[in-house]
Amino acid sequence: MLKATNVTKSFGKLKVLKGVSAAVSRGEVVAIIGSSGSGKSTFLRCLNYLEKVDGGSVTIDGESLVSTDAQGKACYAQKEQLRRICLKMGMVFQNYHLFPHMNVLRNITEAQVHVLGRSKTQAAEYGAELLTKVGLSDKAQQYPYQLSGGQCQRVAIARALALDPELLCFDEPTSALDPQITQEVLAVIRQLAGEHRTMIVVTHEMRFALEVADRVIFMEDGVIAEEGTSQEMLGSGRSERIRRFMGE
Amino acid sequence: MRYFNDGEAFLKLIKLLTGGLGNTLLIFAWTIVLALPLGLIVALGRMSRRRIVREPVRFYILIMRGTPLILQIFAVHFLLPILMKFLGTNLPFLSFLLAIRPNRVNSTIIAFVINYAAYFAEIYRGGIMAMERGQYEAAQVLGFSRAQTFVRIILPQVIKRILLPISNEVITLVKDTALATVIAVAEMFRSATNEASRTGSIEPLIIAGVFYLIMNTIITWLFDVLIRKFDYYKV
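So the sequences go chain by chain: A and B. What the first sequence shows, in numbering that gives the first Met the number 0, is residues 0 to 247, in sequence order. What the second sequence shows, in numbering that gives the first Met the number 0, is residues 0 to 234, in sequence order.
Quick caveat, the hints were computed from the structure, so don't treat them as lab data. Computed from a predicted structure; not experimentally measured. Using N, Cα and C, we set each Cβ at its ideal position, and we do this for glycine too. Only true hints are included.
Computed footprint of chain B on chain A, listed as stretches where at least three residues anywhere in the stretch have a Cβ under 8 Å from a Cβ of chain B:
no., segment
1, 43–50
2, 87–94
3, 109–119
With a Cα cut of at most 25 Å, we get these calculated DSS-like pairs of lysine-lysine:
no., chain 1, residue 1, chain 2, residue 2
4, B, 228, A, 138
5, B, 233, A, 138
6, A, 2, A, 72
Input sequences plus hints: build the corresponding full structure.
Given below as structure tokens:
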């Protein structure tokens, strides 16, 4: 489904990614963990073109988003192909980034209508369905400022789902939320995992990662330090390094 | 008290000032209609990634904001005909310029439009730069094109944020129309000063002041309504 090879990325002199390779197969849930500054969010953002890689390659569903030529220069796909590839991926941000001037339903229908070309009725029906799915069917006409953080994040998930992405990315979806509210968002992600959606979740929630992810990638200092099934990585047999990271 | 206690003289004065009001409103209306959209284009040029676009626009804004409007009115009035004649004679496809004779009102409107577009542009730019990056990123991952992102997501939010500073400029514009008097445009302030110097009374100027105040009261009220209209959401 997704294959990233030897991805490198620097911000100025700071090398954030020092050659990261990872693969995600269809229906798999992969959690990326690691301390702040380990490059995990940057890696995720490189996968859906929110950041441009310096080198390496990313292939999604057999289509090349970026590849590196013989001179080591990263070459991105043409504009139209780029857009098509990126539409295969949905993204949920830490700070939701809902559109504040649109009500909840319109946040979910806007791209369906103006990007995918669905009819307004079709988009609204699907939007209502997704709102029910995330448990917010009564909030369709509200504006984002009227919702709690957890509700905003669930709307953001519905908004991403509305375009039927093949791969859903979460960038620390609960880091801006209170602990009690975190659960309502995690419940939605758990439900999506149950539907065997392909997902990559950058998270700090270790117990959640253990429970929901098939595989866990532990990043440290711009590289993948450890990788394995969630049981191997976070179960009782976890490594000394993971224990240290978890503050044990 | 030449006018205030003489009903007939007072009515004559009001008539005289409303006569000049036509040009005042003409300058005001055209400046709003032309400078608001032009300002947006200037703002986009100022933020262009291309230096060749950005730098000349930066220079243009510097000149417009850095020199007195009164000087710009003179400059347009006296230099524009020369420039038009030069272009019309030397560039065949611009020869139609030779047939146009800009009058004083047109010169004033041009000066106001290019001046106010620069101020509006900086207000737009401030509003656009205040948008958080997340809005662009969310739009990008949802597949919106750059144009769609600007029109559907950025601009509506920018408008809400800039209404107040724009209202400031619009109110200033009402009062600035008085500057057209320097190239002898027959607008309200000129009518008032003429009458004042003819009769040696300050009352016409006071009445002119009341006229400006009434116009700006209406504008303030209009902007209040507009701002309330955008109050349906908060950021």
